[in-house]
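Number of protein chains: 2
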Amino acid sequence: MGGLRAMQFTTNVQLLLDGLNTVTRALSARPTKQILEGVHLSAAGEHVKLTCSDGNLSIEMSILADVKEEGTAVLPGRLFTELSRKLPGGEVTIRVGENHAASIRCLSSKSNLAGMNPTDYPEMARVAEGTTVRIPQNKLKEMISRVVFAIATEDNRQILTGCLLEVEPTEARLVALDGFRLAIQKAVMPFELPGGKENVRVVIPGRVLNEMSKVLGDTDEYCTLVFDQSRMTASFGTTTLSTVLLTGEYIDYRKILPASFRTTALADRVGVQNAIDRASLMAREGKNNLIRMSFSGDTLAISSNAELGDVLEELETELTGDPIEIAFNAKYITDVIRNITDEKLCMRFNSNVSPCVIAPQEGEDYLYLILPVRVFT
Amino acid sequence: MGGLRAMQFTTNVQLLLDGLNTVTRALSARPTKQILEGVHLSAAGEHVKLTCSDGNLSIEMSILADVKEEGTAVLPGRLFTELSRKLPGGEVTIRVGENHAASIRCLSSKSNLAGMNPTDYPEMARVAEGTTVRIPQNKLKEMISRVVFAIATEDNRQILTGCLLEVEPTEARLVALDGFRLAIQKAVMPFELPGGKENVRVVIPGRVLNEMSKVLGDTDEYCTLVFDQSRMTASFGTTTLSTVLLTGEYIDYRKILPASFRTTALADRVGVQNAIDRASLMAREGKNNLIRMSFSGDTLAISSNAELGDVLEELETELTGDPIEIAFNAKYITDVIRNITDEKLCMRFNSNVSPCVIAPQEGEDYLYLILPVRVFT
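The listed protein sequences correspond, in order, to chains A and B.
Just so we're aligned: 175 in the working numbering is position 165 of the first sequence, and the numbers increase by one with no gaps anywhere.
Just so we're aligned: 344 in the working numbering is position 334 of the second sequence, and the numbers increase by one with no gaps anywhere.
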C-alpha cells in the first residue's frame, strides 16, 4: 500500500461519509499501533478505497471519486469521520501532500489534517483461495442477529467468544453458546464444498459478526465468504471484510440437544414478552435475576420476587404433556424473545432441571436452548 | 400527611404515569433519608395526589381517580414508576393495606410492592402568602431555556448555581452568570408587587429551573409563582412545585453590561452555527477549546487549530465599526447559538479583551455576554 506522491480527489460528502461509517467499524478503541488509529485512503482510477483495521479485523470499501492524482494516505480515523459528518454537503476535495498533511475543502470550509505515512500501514492478509460460501446479505444478517447474543463474553473460554459456522452441502449453521444457553440458526440451501469435504467448520470472532451485521445490506444480493482454517474474507457490494478466525476445537453442540420432549407449551409471543418484561423488573431487584414459569392446564403463570415485592402474570397457554414449574435467568429468556418474530412462542421441556428448547412451532431453522436454574425441589 | 387506614383507588395507567413522570423529577439520586426514595400518594375525593421530594424541592400533582377508600401511602418511587411504565394499559387498581404493602392490578398482571409508613413522610413547606408573579407557562419555559445553561456549576460560588429572578412593576428578568458569561432574558408585562416595593429579587436553584422547564406545559395558561425570601411555590395546571431559594447577595450584573459598542457584526445564524460546529471539532483537540473569529470588511473568518490540524471557515458578515479579531471558549459560544432562533446573529464588541454581547438585532428581551480569551497582542 506504498506511494508517497501527492494524492488528490473530489467526491460527494455523503458517499465519503457512508464509506467512513462502514470502514471505521474496524477501528479499535485501544489500537496496538498508532498507525491503526488511521483510515487508509488509496485513490486510483475512478475510485478511492478506504480501509480501517484493528490488526485482526479489517474493513475496506470503495467509493466513486474524481481522482486528479493517484496516491495513498493515512488520516486520523475518528477525527476525519467527525469532520466529514459536519461538512456542509455536496462535493468535497481532499488533497494530501508529501508531508502527509491533508487539505479538505468543501464550499467555504477549509480544514487541514495531519496524516501519517501510508508506507507504515500494515498490509492486510486476504483469503484468495479457500472454501467459498455465498449467502444473501439480508439472510446472513438475520442469521447473525438470531445467535450472536448467546456468544460467551468471558475471556477464559476464548473459543466460545466466537460463533461456529458449519457448512454442509445442503445447509449452513451458525452456532453460539456460552455454557448457559445455545442458539442455532440454519440456512438451508446448496453449498459447494471443496472436493471430497463433507463439512467445513470455522469459528468467527463475536466482534466480527457484530460489526458485519451492521455493514451487511438489507438486500438479497450475495455476500461471498471465502475461508481457510485461519482467516475469512467476506465480500459484498463494494465492501470487503477480512478477519482472523478463532482456532481451537468448538464444543460438540449436538451432544447438548435433547432428542425428545415430555412437555410442549405454546403461548402468545407478545403476551409472554410483556409479562416477562414486567417480571424482569422485580427479578432485577432480587438476588439472581430469576423468573419462574409455571405451566398447568391452560394457564402459564410467570412470577418473580424480591424483598421489595413480587410480580405475578397470568397468560393462556396450550399445553401438551406434563405440567411443569421451571425457573430461568431473566436475561437469557428476554434475549431470545426479542429475536423471535413468530406469533406463538413454542417452548419444549423434559424436566425443570434439563434444558428448555425454544423453537418455531413449525420448521427447524432456529433453535434456542436454555439451562434452567434449580429452585424447585 | 398521616393516615394509616387501607387506601384503594382505580385510575387510568396513562394518567398515573404522567403524574409519576412529573413528580419523580423531584427525586434525588442520593436521598438524605430513605423515605425520600418514595412517592407519597394521598387519595381523597375524586383525586390522588402524588408527591416526591428531595428535601429542598418537592413536586406534587393531582390525578383523577375513582377512590374506593381514602388514605395515604408511600411507595418506592423509581420501581413504582418503572412498573407503571410497563403495565398493559387501561385501568389500574392500587390497594394499600395497613402493613404499607401495595397490590397493583392491571388486567392479568398482579404486583405487590413493599411500601413505607406515610406518617414518616416529611410535611412540605409551601409559601401561602408572599409576592405573586404570574407568567404564561410557555413563556416561563422559554425564559428558563434561554439562560439556564449559563448558570455556574462550581459549588464554591453557591449563589451562582442559581438564577436571579428580578421582578419590577413592568418587567421580570431571569439572570444567570458563571464568571465567564452572562445571560439575561426579560418578560415585559405588568406585575403587581406588594405595596411600596419597587422590585423583588430571589435566587432560584439551577436544578429547580431545569426540572421546572421540563414539567411546565407548552400552553399559555399561567404559572403562578409565590415567594418570600426563603421559599418559592409554583402552581400550574394540577401541578405544584415548592422549593427553598438560595440565600445571599447575587452579583450586581448591571455593572458588567457595556453601555456602548465600537463594532456591530451581523451574520447568518445557521451559517455561523455550522461553521462553529466544525471549528469546535478541532478546538476540542486543542488545549483550551479555543475558537478565533476575525471580522473584517464583509468577511467573518472562524478558525481553530490543534496539533492534528486546523479548520478555517469563511462567511459573509455585515460589519459596522472597526474590524476585530477575537477568541472565545468554543463551548460558551456554542451554548448560546443553540438557544437563539433569530435568522441573523448579532454580535457587539468594544475590543478583543472586553465582553462581547450577543443579542437580537431588534429588541432588548435577550442578552448574552461572553468574556473573550486573550490570545491577540
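Check each hint, because a few of them may be wrong.
No copy labels: a pair is met if it fits in one copy or bridges any two.
To be verified - Below are the DMTMM-like pairs computed for lysine to aspartate or glutamate, each with C-alpha atoms no more than 25 angstroms apart in a straight line: (1) K120 x E335; (2) K224 x E259; (3) K196 x E372; (4) K96 x E139; (5) K120 x E326; (6) K207 x D287; (7) K196 x D278.
Keep in mind that the hints were calculated from the coordinates and are not lab data.
Quick caveat, the model's predicted, so the values are computed rather than measured.
Here is how each hint holds up against the structure:
no.	hint	in the structure
1	K120 x E335	between (67 angstroms within a copy, 19 angstroms between copies)
2	K224 x E259	neither (28 angstroms within a copy, 56 angstroms between copies)
3	K196 x E372	within (14 angstroms within a copy, 68 angstroms between copies)
4	K96 x E139	neither (41 angstroms within a copy, 53 angstroms between copies)
5	K120 x E326	between (65 angstroms within a copy, 15 angstroms between copies)
6	K207 x D287	neither (46 angstroms within a copy, 57 angstroms between copies)
7	K196 x D278	within (24 angstroms within a copy, 57 angstroms between copies)
When each numbered hint is compared with the structure, violations occur for hints 2, 4, 6.
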